[in-house]
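*Asks:* So you can see what is in the structure, the chains are spelled out below.
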Amino acid sequence: MSIISNRTIPIREKRERSISAFGGTASALSAEATDGLVPRVRTFAQDTRSDLQSALQLLSTIRDLATVVHGPVGCLAGLRAGDRSLVSGINQRDSILGGDKKLKATILRAAVELKPSAIAVVSSPVAAINNDDAEAVISELREQLELPILYVRADAFKSRQAANGVDLVAHAILRESAGQRSTQNGQSAVLLSVRESLRDIESLNSLLAQIGVTVRTFPQFSSATEWRETVGSRVAIAIDPTDADFIGHALQEDLGTQYLGELLPIGVQATSRWLALVARALDATERAAAVIAEHGSLLEPFKQQAAALEGSRRVYVSGPPRVAVALAELAQELGLTLSGITLAHADHNHESRIAELAAAQPKLPVLVGEGQAFEEANQLRKVGADLYIGIDSPVHHVLRLGIPVLDLAAVPIYGFEGARRIADAILRRLSNPALARFLGQGTELYSDKWFMKSVHWHIKHEVK
Amino acid sequence: MTDTHDHDRNGCALHGTLRLLHSIGSVVPILHASAGCSIGAWASEDSLGLSLGGKGYRHRETSATLLQEKQVVFGGTSRLREQIKNTVKVVDGDVYAVVTGCVPEVIGDDVLAMVKEAREQEFPVVSLSSPGFLGNAWRGYANACRNLLLQLTDAGVSSQQDQRLVSLLGIAPGLDVGWDGDLLEIEAILARVGVRSLRLVGYGQSPKHWSRVAESSASIALSPWAEPGARALQERFGTQVVELGWLPVGSQDAGLLLERLRPILGLSHELVEQARKALDEELRYFISKASSVLLTGDIQKRVAIVAGTASAVGIARFLAGTLGQLCGKVIITDDPDESHQVSAVEAVHECAPAADVTFSSQLFEIERLLRKAEPEVILGSSLEANVAESLSVPHLEITGPLRKHAFLQRSYAGVRGAVALTEDYISAFANPNFQSSLKRKLDIKTHTKEASL
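From first to last, the protein sequence lines are chains A and B.
Residues in the first sequence are numbered from 1 upward in steps of one, following the numbering used here.
Residues in the second sequence are numbered from 1 upward in steps of one, following the numbering used here.
Just so you know, these hints were derived from the structure itself, not from any lab.
Misleading hints may appear alongside valid ones.
Unchecked claim - For lysine-lysine, the following DSS-like pairs were computed, each having C-alpha atoms within a straight-line distance of at most 25 Å:
no.: 1; chain 1: B; residue 1: Lys208; chain 2: A; residue 2: Lys449
no.: 2; chain 1: A; residue 1: Lys460; chain 2: B; residue 2: Lys70
no.: 3; chain 1: A; residue 1: Lys464; chain 2: A; residue 2: Lys382
Using the sequences plus the hints, can you model the full thing?
*Replies:* Have a look at this one:
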């Protein structure tokens, strides 16, 4: 059945059998993954991003697109200068009587004020509960405005995983653009980007240019006017397959696009393999071999510096599943020891990576979950670390333990340049941990009782 | 609250409530909502981690029920019961505050029943209903402050009022970006006349300070958003209200605050006058260092200010009334009700009679108003950076959302704050970004002119 033509898509928990709660060892997780990961719930949790927020984050990068959030004003948080977004502002009365009129007025205003090439309407929890007939409003205004209007059905309560939001956006864009895509261009390739930074995209573009490959980026940093041409590309290249798989498989199954979704270019070896894969698909093998050879010993100076550091060098890594594992491998390549890992979520696609982790360190402590600082605080107290590497996640719980933090949200991580920058950042943090030591002498938030409990005390199997 | 179709920089009622709770030590918020509501409360600072420290600070560790579809359909009270019980086990706190977002209010969860049950088990739990659709974050702060005051003070117990103790209300944590430093500065001003303050939020504050408000002789209202809390204290304890309505920036308004406090607390005229004189002398000493820059540097500019009531009025009064700047446009963004709008306009006109004071929180409208006003400098949030750039005028961040100006303890209140504001104001004209932006514009104009010759 066509992915793109379906009106809705299953959430990741159903589609990929993805879980977002686990506490145990790598071998336990690997054994479970073989038979099918078991959904769990938390009886204590901390707030984390929702699919609405990750959808908005992705949409905000698309040029010439206006975003209308149908919800109370707070749903459009994180307003920045240049944001092309409005909110319908559902109030108490609307939550009882319906907010369709407000939605219509807001879409019309977006068209007038922002003059976009397309509009994305994003639902919210209140709108989803109210069952406002947003589709009818959108359908009417598509004709009136003669503009593509997407509908992103975020609600913050169907899926536990914020990452589901990017799938919703991708699906909405593909539904809009796939039907009228331009004929496939034999030379064209598209880089599938969902959450990577602009600097990372520029770095990867630069790397691909060295082997004579020019790509468009989709859906992040894309242009709404170019969607139809972009989805007609011959080859789709994933950066992080965990996020790109939905789009890549949809393009492959529905439109016959060749999808390269096996590899993640973090670290020198992984980047080399990724580049070689892309080069084979785009007839650039010789040029790629030369580029790969040029960067082969990039990490050697950093390894020497790491070896000269005094004291223990245990690292704890936290992040999206494939990214976290890749970062752990890079840190280990520099001579650090992995003391534990947090994966934001895990699904059947990660089975082999988890198995590799378990084979290398069967007793490695593993957490699965996004934004659950209390779990990590408990874990870190037990396993210790000299450095915590994370991406755009809470970090104060780590600093309170006196552990230096490297947040890679502001550091390019992909490609050869990313490997160099990560290695440099790791060494800087390890060379002077004064800030973390100072902050670590403050007051702890969590109770002593919590630290005495097992890290998965509050996690139960989900009862359907 | 105005209908909002446009951008709204003020967030929602839930955001204001959460910011208040996270600013009180050993208060543990328990958010009963779907995922992401508390993340949104700090999203405007997260990109650079400024003002509140973004994700480096404990508000990214908010206990939350994370309501799922099953609970939306069948009710979330049992999930809330579970979360309350386990929060008490996992997180140390003196007070646990259950805060509701939109979803449980729409589906009709009986939150009060869960809170009552928890209290019967002797958990120190309070309840704050704060669905986002009730209003903006300022309104959320005001209502939460009132409700918290009522729940943390004991109506049945009469406390002896302390004639030298006051409560400070109306400076909203996180919304007034310098809130922590502002309250410390105001505390220091009051200390000059022997008055002690209950700041209630920020450094060193905890529920025990809230439980002492019954002893305070006066509530000082520093913005329109103090009113619900001040009124509640007046009704319950007879606490008098000292209305200022804005942040006192500089010696004149710091002195004005003392003067308004004088009859309420029975302070002597001489004591207050001595304090006012000392404040003037201190400010004059430091401002004098910059007087040549302000005069011969030709820094007497048409100023536009875009901020909430407390900051907008306070800063406008200082810039016009002491620094002699020309406050042409003041845009107040926190949407106060009509009576407070009238007071705000009067307060600005006392020092800047020609100022055009308008009220808007809408991004596009504010941009249009600023372009029409043709200011020579804009003091506002990061949202005003684009229009400042396009007008080739300096831009100084004095309110959120912030992108380039860190507010950790920084304050514009009192004398020290006024000096800091003067430093920042002068520096805005020497800012290399502004200078290079101006040069680019001039180069473009020159190039265009040459090309056309």
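*Asks:* If a hint holds in the structure, say so; if it does not, say that too.
*Replies:* Tested hints:
Restraint check: the Cα-Cα separation between Lys208 of chain B and Lys449 of chain A comes to about 24 Å, which is no more than 25 Å; the hinted pair holds. Between Lys460 of chain A and Lys70 of chain B, the direct Cα distance comes to roughly 16 Å. Compliance with the 25 Å bound is thereby established for this hinted pair. Between Lys464 of chain A and Lys382 of chain A the alpha-carbon distance is near 33 Å, which puts this suggested pair outside the 25 Å criterion.
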